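Peer 1: Residue-level listing of the chains:
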Amino acid sequence: MAENVWILGIHMTKFGKHPTLDPVDLGVEAIRGALADAGLRMRDVGVLAAGNLMGRGGSFGQQLQKQTGQTGIPVFNVANACATGATALRVAVMAIRAGETEVGLAVGAEKLSGAGLLAGGAREAEGDTWAPKGRFGAVAALDGRVGTETMPGVFAQIGMEYGHRYGGTSFELFARISEKNHAHSTLNPLAAYQKRFTLGQIMNDVMIAYPNTRPMCSANCDGAAAAVVVSEAKLRTLSLEQQRRAVKVSASVLTSDPWQEACQVLPDVNTLTRVAAEQAYEQAGIGPEDLDLVELHDCFATAELVHYDNLKLCPQGGAVDFFNSGATWRDGTTPVNVSGGLESKGHPIAATGIANVWEVATHLRGEAGDRQIAGARVGLAHVIGLGSACGVHILEKAAV
Amino acid sequence: MTSEQSLAGRRIPLVDYLVLEGEPHLVAHECVTCAARYFDRRNACASCEQAEFRVVDVPTEGELRAFTIVSFAAPGVPVPFVAGVVDCGGTTVRGNVVNVPPDPEHVRLGMKLRLTTTSLGTDAAGVEAIGYGFEPAA
Ligand SMILES: [Zn+2]
Numbered sequence: 027m028a029e030n031v032w033i034l035g036i037h038m039t040k041f042g043k044h045p046t047l048d049p050v051d052l053g054v055e056a057i058r059g060a061l062a063d064a065g066l067r068m069r070d071v072g073v074l075a076a077g078n079l080m081g082r083g084g085s086f087g088q089q090l091q092k093q094t095g096q097t098g099i100p101v102f103n104v105a106n107a108c109a110t111g112a113t114a115l116r117v118a119v120m121a122i123r124a125g126e127t128e129v130g131l132a133v134g135a136e137k138l139s140g141a142g143l144l145a146g147g148a149r150e151a152e153g154d155t156w157a158p159k160g161r162f163g164a165v166a167a168l169d170g171r172v173g174t175e176t177m178p179g180v181f182a183q184i185g186m187e188y189g190h191r192y193g194g195t196s197f198e199l200f201a202r203i204s205e206k207n208h209a210h211s212t213l214n215p216l217a218a219y220q221k222r223f224t225l226g227q228i229m230n231d232v233m234i235a236y237p238n239t240r241p242m243c244s245a246n247c248d249g250a251a252a253a254v255v256v257s258e259a260k261l262r263t264l265s266l267e268q269q270r271r272a273v274k275v276s277a278s279v280l281t282s283d284p285w286q287e288a289c290q291v292l293p294d295v296n297t298l299t300r301v302a303a304e305q306a307y308e309q310a311g312i313g314p315e316d317l318d319l320v321e322l323h324d325c326f327a328t329a330e331l332v333h334y335d336n337l338k339l340c341p342q343g344g345a346v347d348f349f350n351s352g353a354t355w356r357d358g359t360t361p362v363n364v365s366g367g368l369e370s371k372g373h374p375i376a377a378t379g380i381a382n383v384w385e386v387a388t389h390l391r392g393e394a395g396d397r398q399i400a401g402a403r404v405g406l407a408h409v410i411g412l413g414s415a416c417g418v419h420i421l422e423k424a425a426v
Numbered sequence: 002m003t004s005e006q007s008l009a010g011r012r013i014p015l016v017d018y019l020v021l022e023g024e025p026h027l028v029a030h031e032c033v034t035c036a037a038r039y040f041d042r043r044n045a046c047a048s049c050e051q052a053e054f055r056v057v058d059v060p061t062e063g064e065l066r067a068f069t070i071v072s073f074a075a076p077g078v079p080v081p082f083v084a085g086v087v088d089c090g091g092t093t094v095r096g097n098v099v100n101v102p103p104d105p106e107h108v109r110l111g112m113k114l115r116l117t118t119t120s121l122g123t124d125a126a127g128v129e130a131i132g133y134g135f136e137p138a139a
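Chains A and B supply the protein sequences, listed in that same order.
Position 336 (the first sequence) corresponds to 362 in the numbering used here; numbering is contiguous.
Position 44 (the second sequence) corresponds to 45 in the numbering used here; numbering is contiguous.
Keep in mind the hints are simulated off the structure, nothing from the lab.
Note that the coordinates shown come from a computational prediction; the quantities given were computed from them, not determined experimentally.
Do not take every clue at face value.
[Said to hold, decoys possible] When the alpha-carbon atoms are kept at most 20 Å apart in a straight line, the in silico DMTMM-like pairs for lysine to aspartate or glutamate are as follows: (1) A:159 <-> B:41; (2) A:159 <-> B:129; (3) A:92 <-> A:126; (4) A:159 <-> B:24; (5) A:260 <-> A:128; (6) A:221 <-> B:129; (7) B:113 <-> B:24.
[Stated by the list, open to error] Stretch by stretch, here's where chain A covers chain B in the computed footprint (C-beta under 8 Å, at least three residues): (8) 42 to 56; (9) 69 to 79; (10) 128 to 137.
[Unchecked claim] Partial selection, computed: residues in chain A whose CB lies under 10 Å from chain B: (11) 173; (12) 174; (13) 235; (14) 286; (15) 291.
By construction, the Cβ of each residue, glycine as well, lies at the ideal position given by its N, Cα and C atoms.
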């Protein structure tokens, strides 16, 4: 059994519009915040994993080092769609578990304000000759002609497919999930949007891809998050205060899609999430019933529903009843997305997979202010990047 | 006779897995070893790793397993349209649901559909590109 790994310091910037900051500025703010929180300096860090999906992928970590401290340590620039941040954290945790270093740093930063619709891409002017191209031998763009490649549309179908399989879903049900997350966001000062919406406002807002209206879609925004992780041996050399605030990484799991029938037709976000959850519960020796809070990847309201089931928060097929019971509201039995979720907190892609860990860790430390889940001891953070990659981290409060 | 004249009146499928000859239908690459089906050009099977495929016909009738009505798309993509996933006798196919009003009163999960073709227009040489969609079967 590899050594336990602990989060010693973690920081999330305000999510929202940062017109004067570039991705490096945001990443630096997150790194310096996490190091200060940890009580360490860059020279104490043995490995850096960094993600910035929409631009600086090739050397983002090195660009951050130039503004925070060039210490010559190995840098892993990672990219894994919306799971990029979780992947960075996973790399830092792996390095410690492997015994290569005692201190790792993971960071994700993104500038996404005003990015508009992701994926699908503008339809290019078509040539004056039909000529087959690509793996489908297509003579023209397929988005809009053979289904949809837009994220709201893909995830709408994923929610609808769940409804077809198990029943009980409706436009209103999905809108009520969004209503919950927006209500939660009003207590989170770092959320991009902190506005409560009525059910009617959500359902009557601009339709993007039925049944997802605009407030039911993740909010494009700027932001960054970073985490300093250390080995158990290192932690025990530090002050009692550092040990008390440290948060145990009881599970750190990353999966990709195991092949399933039709998974290349409509992305299957379910199987790899179920596998990740199973591995994480096994690794942590913790069951879903033990969780005091969950931050899951509600890139769209339709996605949140299926992940209740995938993360085994409810019996298989029971996500609708589970939500209708009120379980996932902040005063319910399994509060989900008390941060406001991606729909209101925002979704600066590469930051998301560390920001949700920050949210859980902040509750476990008892430092979540007005939105604190009282007595939180165990939490789970989940992200999924379409393609697909799924990260699940289970965190536990320190016993000291 | 110029080459343009010889092409005029010809038709070309939007994708190479749409067969226009005879009754239009879709074809899939089926793994000879494990029967997994794919629509794209294949290097090997994602399920069993073998690399031998045969071309098989996909049933033209099916059932709507998931859909969305896209109201907001990339520039140049006409909206609204219905994007769906159709179970054609056990083979899952992506496609638009056409010839039905794009609203949730008319598009229902589980509805019976059949393959149909749509014109994308003709190119400079007079070749017509033909796409596919699924329309209500009843
Ligand atoms: Zn096979």
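Peer 1: List in ascending order the numbers of the hints, as given earlier, that are violated by the structure.
Peer 2: 3, 4 and 6
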